[in-house]
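A.B. asks: Read off the chains here:
Protein chains: 2
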Amino acid sequence: MARRSTSRRRDAGRASKPVLEQLPWREVRNPFPPVDVLSADQLEHIHNSSLTVLEELGMEVMGTEARRLYREAGADVDDSTMRVRMDRAMVMEQIDKVPSEFTLHSRVPERNITMGGNRIVVAAVSSPPNCSDLDNGRRPGTFEDFRNLVRVAASLNCIHFFAGYPVEPIDLPVLTRHLDCYMTFITDTDRVWRTYALGAERSHDGIIMNRIARGISEEEMIEKPGLITLINTNSPLRLDEPMSQGLIEMAQNGQPVSITPFTLLGAMAPTTLAGALVQQNAEALATIALIQLVRPGSPAVYGGFTSNVDMKSGAPAFGTPEYVKATFAGGQLARRYGIPFRTSNVNASNAVDAQAAYETGMSLWAAFVAHGNFIHHGAGWLEGGLVASFEKMIVDAEMLQGMFETMMPITVNDAEIGIEAMADVGPGGHFFGTQHTLDRYENAFYSPMLSDWRNYESWVEAGSPDAATRANKIWKQQLENFEAPPLDPAIREELEAFVAKRKEEGGVHDN
Amino acid sequence: MARRSTSRRRDAGRASKPVLEQLPWREVRNPFPPVDVLSADQLEHIHNSSLTVLEELGMEVMGTEARRLYREAGADVDDSTMRVRMDRAMVMEQIDKVPSEFTLHSRVPERNITMGGNRIVVAAVSSPPNCSDLDNGRRPGTFEDFRNLVRVAASLNCIHFFAGYPVEPIDLPVLTRHLDCYMTFITDTDRVWRTYALGAERSHDGIIMNRIARGISEEEMIEKPGLITLINTNSPLRLDEPMSQGLIEMAQNGQPVSITPFTLLGAMAPTTLAGALVQQNAEALATIALIQLVRPGSPAVYGGFTSNVDMKSGAPAFGTPEYVKATFAGGQLARRYGIPFRTSNVNASNAVDAQAAYETGMSLWAAFVAHGNFIHHGAGWLEGGLVASFEKMIVDAEMLQGMFETMMPITVNDAEIGIEAMADVGPGGHFFGTQHTLDRYENAFYSPMLSDWRNYESWVEAGSPDAATRANKIWKQQLENFEAPPLDPAIREELEAFVAKRKEEGGVHDN
Numbered sequence: 107m108a109r110r111s112t113s114r115r116r117d118a119g120r121a122s123k124p125v126l127e128q129l130p131w132r133e134v135r136n137p138f139p140p141v142d143v144l145s146a147d148q149l150e151h152i153h154n155s156s157l158t159v160l161e162e163l164g165m166e167v168m169g170t171e172a173r174r175l176y177r178e179a180g181a182d183v184d185d186s187t188m189r190v191r192m193d194r195a196m197v198m199e200q201i202d203k204v205p206s207e208f209t210l211h212s213r214v215p216e217r218n219i220t221m222g223g224n225r226i227v228v229a230a231v232s233s234p235p236n237c238s239d240l241d242n243g244r245r246p247g248t249f250e251d252f253r254n255l256v257r258v259a260a261s262l263n264c265i266h267f268f269a270g271y272p273v274e275p276i277d278l279p280v281l282t283r284h285l286d287c288y289m290t291f292i293t294d295t296d297r298v299w300r301t302y303a304l305g306a307e308r309s310h311d312g313i314i315m316n317r318i319a320r321g322i323s324e325e326e327m328i329e330k331p332g333l334i335t336l337i338n339t340n341s342p343l344r345l346d347e348p349m350s351q352g353l354i355e356m357a358q359n360g361q362p363v364s365i366t367p368f369t370l371l372g373a374m375a376p377t378t379l380a381g382a383l384v385q386q387n388a389e390a391l392a393t394i395a396l397i398q399l400v401r402p403g404s405p406a407v408y409g410g411f412t413s414n415v416d417m418k419s420g421a422p423a424f425g426t427p428e429y430v431k432a433t434f435a436g437g438q439l440a441r442r443y444g445i446p447f448r449t450s451n452v453n454a455s456n457a458v459d460a461q462a463a464y465e466t467g468m469s470l471w472a473a474f475v476a477h478g479n480f481i482h483h484g485a486g487w488l489e490g491g492l493v494a495s496f497e498k499m500i501v502d503a504e505m506l507q508g509m510f511e512t513m514m515p516i517t518v519n520d521a522e523i524g525i526e527a528m529a530d531v532g533p534g535g536h537f538f539g540t541q542h543t544l545d546r547y548e549n550a551f552y553s554p555m556l557s558d559w560r561n562y563e564s565w566v567e568a569g570s571p572d573a574a575t576r577a578n579k580i581w582k583q584q585l586e587n588f589e590a591p592p593l594d595p596a597i598r599e600e601l602e603a604f605v606a607k608r609k610e611e612g613g614v615h616d617n
Numbered sequence: 107m108a109r110r111s112t113s114r115r116r117d118a119g120r121a122s123k124p125v126l127e128q129l130p131w132r133e134v135r136n137p138f139p140p141v142d143v144l145s146a147d148q149l150e151h152i153h154n155s156s157l158t159v160l161e162e163l164g165m166e167v168m169g170t171e172a173r174r175l176y177r178e179a180g181a182d183v184d185d186s187t188m189r190v191r192m193d194r195a196m197v198m199e200q201i202d203k204v205p206s207e208f209t210l211h212s213r214v215p216e217r218n219i220t221m222g223g224n225r226i227v228v229a230a231v232s233s234p235p236n237c238s239d240l241d242n243g244r245r246p247g248t249f250e251d252f253r254n255l256v257r258v259a260a261s262l263n264c265i266h267f268f269a270g271y272p273v274e275p276i277d278l279p280v281l282t283r284h285l286d287c288y289m290t291f292i293t294d295t296d297r298v299w300r301t302y303a304l305g306a307e308r309s310h311d312g313i314i315m316n317r318i319a320r321g322i323s324e325e326e327m328i329e330k331p332g333l334i335t336l337i338n339t340n341s342p343l344r345l346d347e348p349m350s351q352g353l354i355e356m357a358q359n360g361q362p363v364s365i366t367p368f369t370l371l372g373a374m375a376p377t378t379l380a381g382a383l384v385q386q387n388a389e390a391l392a393t394i395a396l397i398q399l400v401r402p403g404s405p406a407v408y409g410g411f412t413s414n415v416d417m418k419s420g421a422p423a424f425g426t427p428e429y430v431k432a433t434f435a436g437g438q439l440a441r442r443y444g445i446p447f448r449t450s451n452v453n454a455s456n457a458v459d460a461q462a463a464y465e466t467g468m469s470l471w472a473a474f475v476a477h478g479n480f481i482h483h484g485a486g487w488l489e490g491g492l493v494a495s496f497e498k499m500i501v502d503a504e505m506l507q508g509m510f511e512t513m514m515p516i517t518v519n520d521a522e523i524g525i526e527a528m529a530d531v532g533p534g535g536h537f538f539g540t541q542h543t544l545d546r547y548e549n550a551f552y553s554p555m556l557s558d559w560r561n562y563e564s565w566v567e568a569g570s571p572d573a574a575t576r577a578n579k580i581w582k583q584q585l586e587n588f589e590a591p592p593l594d595p596a597i598r599e600e601l602e603a604f605v606a607k608r609k610e611e612g613g614v615h616d617n
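So the sequence lines, in the order shown, correspond to chains C and S.
Going by the numbering used here, the first residue of the first sequence is number 107, and it counts up by one from there.
Going by the numbering used here, the first residue of the second sequence is number 107, and it counts up by one from there.
These aren't lab readings, by the way, just hints derived from the structure by calculation.
No false leads were mixed into what you were given.
Identical copies carry no separate label here, and so any pair may be met within one copy or between two of them.
Computed list of lysine-lysine pairs in DSSO-like fashion (alpha-carbon distance at most 30 Å, straight line):
no.	residue 1	residue 2
1	330	203
2	609	330
3	418	579
4	330	607
5	582	418
Since the model is a prediction, treat every value here as computed from it, not as a measurement.
Same shape as in the complex, but just chain C (with noise of 0.2 Å):
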């Protein structure tokens, strides 16, 4: 069956490595209906009043070509204090230019991916400062840590793409270390990546080295973009000047761009969930609306990441009711505007545990009951996002191997049924050996890479290895049967020029 067929090695020489075993790259669809955690009223609610805000408050947007943008769109800009107040329909008029879905090429179309509709995709974890595995503990992530962790990632098929670095690598220059991330990224996967939109530079590096690992030319790398980069408002209520500037240098080229305020109750927004999704949705309808007046029709991805923090110390939690009830609300809200909808899949452990992964059920499950088409930090997250976890790598792979399975249709006929089977077996008996369990059994459920169920005896005799421990044998298997894809070698060495010239000139210049 071809749905749940083995990884196969490349290399047959190598043929004694073990395997790990995992559901093949799927296209995952959500064939549930969304889940309506507000009424239309309230819905509506929310909506009109991010309207006022932008009417009345308005954002403060730092950077001089987008408050230009705005301006010329009609909105009252205000120089001296960068605050910019539009109104509703101008908005409106924006977010409705919004395509519902769009596709992010691959330099292997096998790996392009789509968003959009009742489609998910599902990104790993990026940003983290640190890394930690049992090994090694925890610790600041460098190149090394950057290269392993996307070697992981990019060997695990629920992986469909990466937005952003798995964990920052600090011994890097920071001016020149996207050049060696987005080489990694080109030379050590065949996923789609992200550019970072920390000013123009980085994205526009990026959108060169897309297209020439991709051998493709400007025009069609607008007609068929193959990058994303995430914007975080500075929330409540400020856009910065670089993440402006990335924004308009990535709608320019056409590339997709996600907005994300990150909105946390009581810190950067109300301390009420109806106040946060007003504000969340303030400023990632003003922000997206901006990517339209630089393209219109320019592909966009409305974010939630709207959570509360820990009131006695004020540390975001994530995984919590709140952080659910505003996953299914920003879910509706995306919904209503027609635009792609991002979360994340998070939790606030500092171990990888059973906190670690209820937190992490209760996030994945809102992603998928509220659409989700975009699951950023989908494998590896730790620790509020302030680590990048190897083994949580692995648990998040099971548990997203485990909701992508659950989204597979029930056939239902009556071969499947089998009551002559039933007659056969007869009350009281096993179907263990008859021919309707023989002709079905190898390939009839779902085969987890990390769950044990050997009985316990079986299992202590084994060390009573936790889920922690088991992962950690996981990703270090995968590390070491780790092979990079096929790539052209011409274009490996037009991009080594490129990254080469680019770190001559300095790297990064415009922040």
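Add chain S to chain C, keeping to what the hints say.
C.D. replies: Okay, now just chain S, sitting in the frame of chain C:
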């Protein structure tokens, strides 16, 4: 705010003891629409096929009285093979008599529970042969363990009732064990509890003890049931004699009976979801029909417990994609018949680790999405039901509270939204100190009992306690703080006399 009050200690004199901050006892309602996994055609195909199974194959019904009841209703009964074939019209005529909801009455009316509609009630784990905790490890259950688990569960507001012994107290004599256990449920808790339907006598004793505890007559007991029993068919297609005796005893007395076929794919049921669902449905309908033949209109529950086995070892698996889909489908079938739906909160992990939590998360979300009315094994289940874990009980309580809180509505109005607060705070500011926050922050968010949101450094300083380690501390604290709810001394005396008399008689004689 009432909905988030900290539980109060009864004895102000020992006020120095730490008190667990938890959500108050609450009638939980599921505000979201149930999700259908089967198309209308698929649902009818399964429904019709299960009726065909009952007509053509029938059930093996080992109890003489049960067969008599089926025969009187027109079923084709063969006493030599014990096979009972029943036509679809007869089955559905009985199914139509089942009430869509019913209330179970506690000796403390505040602890009454109602099953049906969009209500959710949760029971503690029941019937594992073993228990475990981090201090004393895994061991066969004793009466001391039983009492301790009952007391910890009764201290948790998210546990609505006891649907069985949290662990089997194997140091108590089998024939009188139920008397000591029922006594504990009455004296140490204020919750509704379950009788065991292993023959009629255990249920009969339970009914008498429940009447004494509540100080009510036989007629009142029928009118206001206070007990439930759980029947597992011996899948495939067999109902054993003790179970049918227990069922009849309970139904005669108007006490609800919950029917759950235990249909493991590829073991006691076909290896296909469609086949297992047909068999589950056939067994459930036939047995619920029997309840109605005993006493038309007697309350019943439709249970689903379809999951897969590990095809490598034959070990049962829980919280799997197949389990989730079977739960969705089970809920849909129960809704088709208008009967309350029972599901479970289960996993197959050997440790209180990430696997335990992610498999439990799958089961729990499946229960909520499928609109389970009665969530069995809600807290404490580990190792596929072979172990009741003290630590897992606390992990589950945290997960249950998270789900309950997720079901609370979002309030949307201008005061909650607080546009003025946004204006005061301004772009880039923070909401920590604003009046809008100060007015609300104390009770703004769900406050977890187990989740640890300290920063990494503080957590390491505290000894890096993982979730299981923290749970260990909590259950011990709950046990230490335990105080039995008040019980009229005259009632206690009457109960003690009844138990003494029944022990003198040697306890159970019917099996």
